[in-house]
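Q: Residue numbers (my numbering): 17 to 112.
What the hints contain is simulated information worked out from the structure, not anything from laboratory work. It is possible that part of the hints are untrue.
[Stated by the list, open to error] Okay, derived cross-link-like pairs now, EDC-like style, lysine to aspartate or glutamate, Cα gap no bigger than 20 Å in a straight line:
#1 27 with 85
#2 41 with 85
#3 41 with 80
#4 41 with 74
#5 41 with 64
#6 27 with 80
[Stated by the list, open to error] Estimated spans, in silico, between C-beta atoms of each pair:
#7 76 with 20: 20 to 26 Å
#8 39 with 89: 33 to 39 Å
#9 105 with 68: 26 to 32 Å
Ideal Cβ positions, reconstructed from N, Cα and C, are used throughout, including at glycine.
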Amino acid sequence: MLQQRYGFIVKTPDMDFLAHQGRLKSEQFEIAVCAVRTVEEAVMVAQELLTRHVQVIELSGGFDMRDAEQVRQALQGRARVGLVQYLDAPPLSAVG
Numbered sequence: 017m018l019q020q021r022y023g024f025i026v027k028t029p030d031m032d033f034l035a036h037q038g039r040l041k042s043e044q045f046e047i048a049v050c051a052v053r054t055v056e057e058a059v060m061v062a063q064e065l066l067t068r069h070v071q072v073i074e075l076s077g078g079f080d081m082r083d084a085e086q087v088r089q090a091l092q093g094r095a096r097v098g099l100v101q102y103l104d105a106p107p108l109s110a111v112g
């Protein structure tokens, strides 16, 4: 399936998800971007993104594997969840 609707969630302590959000859209692609303070806010935002038919949600490098797993479980398979990893950082370990 062609992925056309993305969400990107950034974790930062000084932004509010109600105020700090935006969207880029073309005829073939759309991405919603939102900043959150906590993984709990990320779960709420991710669930809201499902109402916009987002197919993939990427989490910024401010999240760890446990955070990503918490978001993934909350979505119950309704969207794929990815996690940014920096090339100069140690590999992310599996949740376990």
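Q: Hint by hint, say whether it matches the structure.
A: Against the structure, the hints:
{"no.": "1", "hint": "27 with 85", "result": "holds, 15 Å"}
{"no.": "2", "hint": "41 with 85", "result": "violated, 28 Å"}
{"no.": "3", "hint": "41 with 80", "result": "violated, 28 Å"}
{"no.": "4", "hint": "41 with 74", "result": "holds, 17 Å"}
{"no.": "5", "hint": "41 with 64", "result": "holds, 18 Å"}
{"no.": "6", "hint": "27 with 80", "result": "holds, 10 Å"}
{"no.": "7", "hint": "76 with 20: 20 to 26 Å", "result": "holds, 21 Å"}
{"no.": "8", "hint": "39 with 89: 33 to 39 Å", "result": "violated, 26 Å"}
{"no.": "9", "hint": "105 with 68: 26 to 32 Å", "result": "holds, 31 Å"}
Comparing the model with each earlier hint shows violations of hints 2, 3 and 8; every other hint is respected.
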